[in-house]
Structures are given as C-alpha cells and as structure tokens.
Amino acid sequence: MKTQSTALYILRLALTLLIITGVMAALLAAVNLVTAPIIAGLQAEKTQQAIQAVLPGGGEEIAFTDKTGTVSTVYGSDTGYAVEVAPIGFDGAITMMVGIDKDGNVLGISIISHTETAGLGAVAAAKTSAGENFRGQFVGLNGSVAVSKDGGTVEAITGATITSRAVCEGINAALACVADLG
Amino acid sequence: MNEYVQTLIGILLAAILSENFILVKFYGICPFMGVSKKIDTALGMGMAVTFVMGIASAATWAIYRLLVLLHLEFMQTVAFILVIASIVQVVEMFLKKAVSALYKALGIFLPLITTNCAVLGVALLNVQKGYDFLLSVVNGVCGGLGFTVAIVLFASLRERVEKSDCPECFKGMPITLVAAGLLALAFMGFSGLKLF
Amino acid sequence: MNFKKQFSEGLLSKNPVLVQLLGLCSVLAITTSLFNGIGMGLSVTVILICSNVLISALRKVIPSQIRIAAYIVIIASFVTIVDLVLQAFIPDLSESLGVFIPLIVVNCIVLGRAEAFASKNGVLASAVDGLCQGIGYTVALVIMCVIRELLGSGTFGGGILNNGEGIRIIPEGYPAMQMVMPVGGFLTLGFVIAGFQWYTRHSRNKKQKEAAK
Chain V
357 MKTQSTALYI LRLALTLLII TGVMAALLAA VNLVTAPIIA GLQAEKTQQA IQAVLPGGGE
417 EIAFTDKTGT VSTVYGSDTG YAVEVAPIGF DGAITMMVGI DKDGNVLGIS IISHTETAGL
477 GAVAAAKTSA GENFRGQFVG LNGSVAVSKD GGTVEAITGA TITSRAVCEG INAALACVAD
537 LG
Chain F
11 MNEYVQTLIG ILLAAILSEN FILVKFYGIC PFMGVSKKID TALGMGMAVT FVMGIASAAT
71 WAIYRLLVLL HLEFMQTVAF ILVIASIVQV VEMFLKKAVS ALYKALGIFL PLITTNCAVL
131 GVALLNVQKG YDFLLSVVNG VCGGLGFTVA IVLFASLRER VEKSDCPECF KGMPITLVAA
191 GLLALAFMGF SGLKLF
Chain U
10 MNFKKQFSEG LLSKNPVLVQ LLGLCSVLAI TTSLFNGIGM GLSVTVILIC SNVLISALRK
70 VIPSQIRIAA YIVIIASFVT IVDLVLQAFI PDLSESLGVF IPLIVVNCIV LGRAEAFASK
130 NGVLASAVDG LCQGIGYTVA LVIMCVIREL LGSGTFGGGI LNNGEGIRII PEGYPAMQMV
190 MPVGGFLTLG FVIAGFQWYT RHSRNKKQKE AAK
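Residue numbers (this note's numbering), protein chains in the order written: chain V, 357 to 538; chain F, 11 to 206; chain U, 10 to 222.
Treat the hints as calculated values from the structure; they're not laboratory data.
Careful, some of the hints might be misleading.
Computed spacing ranges between beta-carbons, pair by pair [as the list claims (entries may be wrong)]:
hint, chain 1, residue 1, chain 2, residue 2, range
1, U, Pro180, F, Gly182, 32 to 40 angstroms
2, F, Lys139, V, Val390, 27 to 35 angstroms
3, F, Val100, V, Gly378, 18 to 26 angstroms
Every residue, glycine too, gets a C-beta built ideally from N, C-alpha and C.
Given only the sequences and the hints, what does the whole structure look like? Please build it.
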C-alpha cells in the first residue's frame, strides 16, 4: 500500500514538472515564432548594409575559390567585389566585409560581428573616430597588407595588435581570393 | 591536423591564462568570492567545478546537436541549465555511492555548482564558437583548471588580506574585491599570449 | 504589505548587489557603458517581476521536492524570452551584452528572490518585490557604469547619448583604459561598496548621536 502511494507521489512530482516545462516550452515556441523572422531579417539587412558600405550599388553572390579558408561569400558587380571573410581575432572570429575594386584595390571594410575585448580590439568595429581612422587606413591598399610591427603600413589599434593582425589577415584573404577570380 | 592541434593548444592556454574564466571573463564570481577563504576548500571547489565543466561540455554538445536536428535552437538556455542541474545531481549521487573518498572532499561543493555561471557559460561559449566535441571538452576542462588556478591563488592572497589592517569601511568585501582587482591586473599580463 | 519598506530594502538596506553581493558576474562584466547598465538592469527587472509573479502564483501547486527544478525552468524560459525579444528589437543591446543575457538564468538574484520571497508571499507582493529588487540592481549597475565609463573611456552616456558615442568629458588619450577592463570592474565595485558601507555607518552613527541627545 505504502509503495503504491510513494509511486503515485513520484508520478505527481514528475507530472507537475512535465506540465510546467510543457507550458513554458509552448510559450517560448510562440515567442520564437514571432521573433525568428525578425532576427533573420535583421541579419540579412546587416549583411546587405555591410555590402553597400564597401561596394556602392551592391552585388550578386558569385562562385569563388579560396585557399585560405577564411572567405565565406563573395558578391560581385561591374565595379568590384564585396568579400565576406571571418579571420580569427583575439577572441573568436571577426566577420567582416571587404570591398575590392576590379584593379584589386581595397574600397573599404565593414565589420559585421565580433567578440573582441571592449575598449581594445572592439575599437576596430566601433563607430568612434578611432575606429573610423583604423578602418580608413585600408582604403586604396592592394597586394597584401600588414601592421607596421610586421613591416607593413597599417597602424595597429593601441593594445590590440592581434585584432589588427586578424583584420589584415582577412583583407589579405579577400585580396588573394579576388586576384584568383581574375 | 597540425592546425587542429594548434587550435587545441590555443584553447588550452587561453582558457587557463589569457582568457581566464574568472579574472578576464567574469564567469563564476559568486563561488570565487564565497568559497575562497581557505586554500584547501578553494582547491576542492576548483576540482569539483573542473569535473562538472568537463562533463557538462560533453553533454551540452550532444544536446545542442539534438536541438539543431529538431530546429529548437531557441530552447538552448533552458535545455542546458536543466542538463547541468541533472548532471550535478547524478554526479553527486554517483560519487556518494562509488567513490566515497572523493565525495567527502567535493560533496559539499556540488550543489553550489548548478548556479555557477562558469558551467553554463562554457556551454554557451562552445556553441557560440562552434567548437566540435573534442574542442568543447578541452575548453570545459581547461576553463575549470583556469577557475582552479584563479581561486587557489586568490585564496592564498585572501588569507593574508583578512588579517591586514585597512580603513574601517573597506573591511570585508571591499578590500577583497580590490585584492581581486590586483590579481586581475596581474592576469592582464597574459593577454595577447599566443604560441603560434 | 508595505510598499515603502520593500522599496527602501531593495534600494538600500537589502540592495541585491551592494549588500547581498548577488549576481556579481554581470555587475563586473557588462558595466562599461551607461547603455549596457540600463539595458541589463531593465532586463533583469523584467525577468524578476515575471518569474516572481508566476512562482508566487504556483507556490501552492509545486511540491517542495521539485521546486528548485521548477523555478529554474520558469526562470530560464523568461530569460530566453527576453533574450529573443532583445535580439529582435534592440539588436545593439543584445550584441553588446552577449552571453550575459542567457547567463541571467544563473544570476543568484532571480533564483534567490524566488526561493526567499516569491515562494512564501502573494502575487502582488512578489511583483512589488521583483520591481524593488530590480530597481536596486539597476541603480547599482548604473553607478558602476557611470564611474567606469567616465574613468575608462572618458565619456558619459555611451551607447545612448550623442549618437551612441556619449558625451566626452575627459579628452581622448587621457582616460585610464584599465577601468573598462576586468581590473577596473573589481576595483570600482570594491570602492563603491566601501563608500556604501561608509555611508550606512555614518548615518547610523548620526542617528545614535541624535538619540543620545
């Protein structure tokens, strides 16, 4: 008799928990149903904005070959290319768009997402004057770019050499990829 | 394969030193402040956290694959925390029955680990960074080791800080936080540490 | 039920951060700009109110053996809802708070209030408790943010005012960058709590002196 009531009690515990979990999961699913398309839309819009920022007029997705493993997508138009690259920075991947014209000159870069340290590596993507100066340096460069510590012309962000190097690495991958396209 | 080994060693170094879970990423501050009064309890807590973080990384990796399969990624936080809570329970029960010596050493810390953000944090980070199974487990275990290093170092500092003379209003928590700040400053020296 | 008492407890005598020392992870990690502080504070307040209300409403239904598991499910669900809503409608905030939004699940404030207050009190009182504790948490975050942002980046209101750049108070190049880094988090919190302890002791002494007269 006693064992049966214990079993019943355990069943009651499990059922209560199951109902709570079920109701909360249903609630979550409902919220997700509303927010998922908005989040996906935002993401697509962000990529589009990044393309527009580095390649005025935008472009269509085209096929590409990549030896470095950092290029994820290439958008091409009559005037040039926008190359999405994801080099590894100080703390994970830095997803960014690199605009390159038909002659292989950098038109500009736009950082889509990153997880660099606030106040240091994050400056690379910041909307501040320091961030804009850093990104502006790359405009017009070609061939291959490097920070001044590695013998290049790029002034690294103070205290964030690794982030700056990663950005250079991404740009080099994009340049190499476009060079292969011909 | 060579590159994979490099990534592996990179994660190992970052998790223990340059990206230390407590002093750089601020995961698990509560136990860091709560259980760091004595070196041996700090060591016990560190070992327990390392143990659970390793297992939790493996389990949440599998759970996330399942969620992706079912297109239920939005449930990840709920699923992870439940899995972690259950793991802690199971580990506690298992240790109690099987390895009673270890249970005596770690037992009292186990219930506290469920609400340690380092465990949930490492699970979420593994997903965010897209680590595979091995990398996830290594990140979990090394994150735990980093936690242990920080908490043991801090406990040995704190034994002295407690006895020191300081302004009345700094007594207790404030002076402890300042000491933790100085330790974090020391760990900043590791930032940028990269072997390759 | 005494709203005024609950409010002063949440803000001062039982401030979740400055007195109870709960939820320090987020307090230390994200307090680098005013935008982050207010955003995080409001998110936690909303979650606290929702979870307190639901847990209080269900307090007679949930058997005590499984209450912690049930609380965790409820809290985690509300956290995910807030996370999704932020991602969809305030993507900037969601990006700058990152993983610390899902980590609210293990923020001891939320589970602590569920266990200590909502499981024993009525729905309305629990809602008020969530609101007051949330405000106390937000105020502590904002104090931290203002100090760290001013000393570390030299600005006020970063992320909100002046197109998100914040109003510059200390010229560029002079701020001590360490203040927005982990070190600054620990130091600032240490000094803020020390200041708070000094204030409470000071006002207590004053009261005692007046009583002695």
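Verdict for Pro180(U), Gly182(F) (Cβ pair) under range 32 to 40 angstroms | For Gly182(F) against Pro180(U), whose Cβ atoms are near 37 angstroms apart, the range 32 to 40 angstroms holds.
Kindly confirm whether 27 to 35 angstroms is satisfied by the beta carbon distance between Lys139(F) and Val390(V).
-> 28 angstroms, holds
Given the hint of 18 to 26 angstroms, check if Val100(F) and Gly378(V) actually sit that far apart at their C-beta atoms.
-> 23 angstroms, holds
Going through the hint list in order, the structure satisfies each hint without exception.
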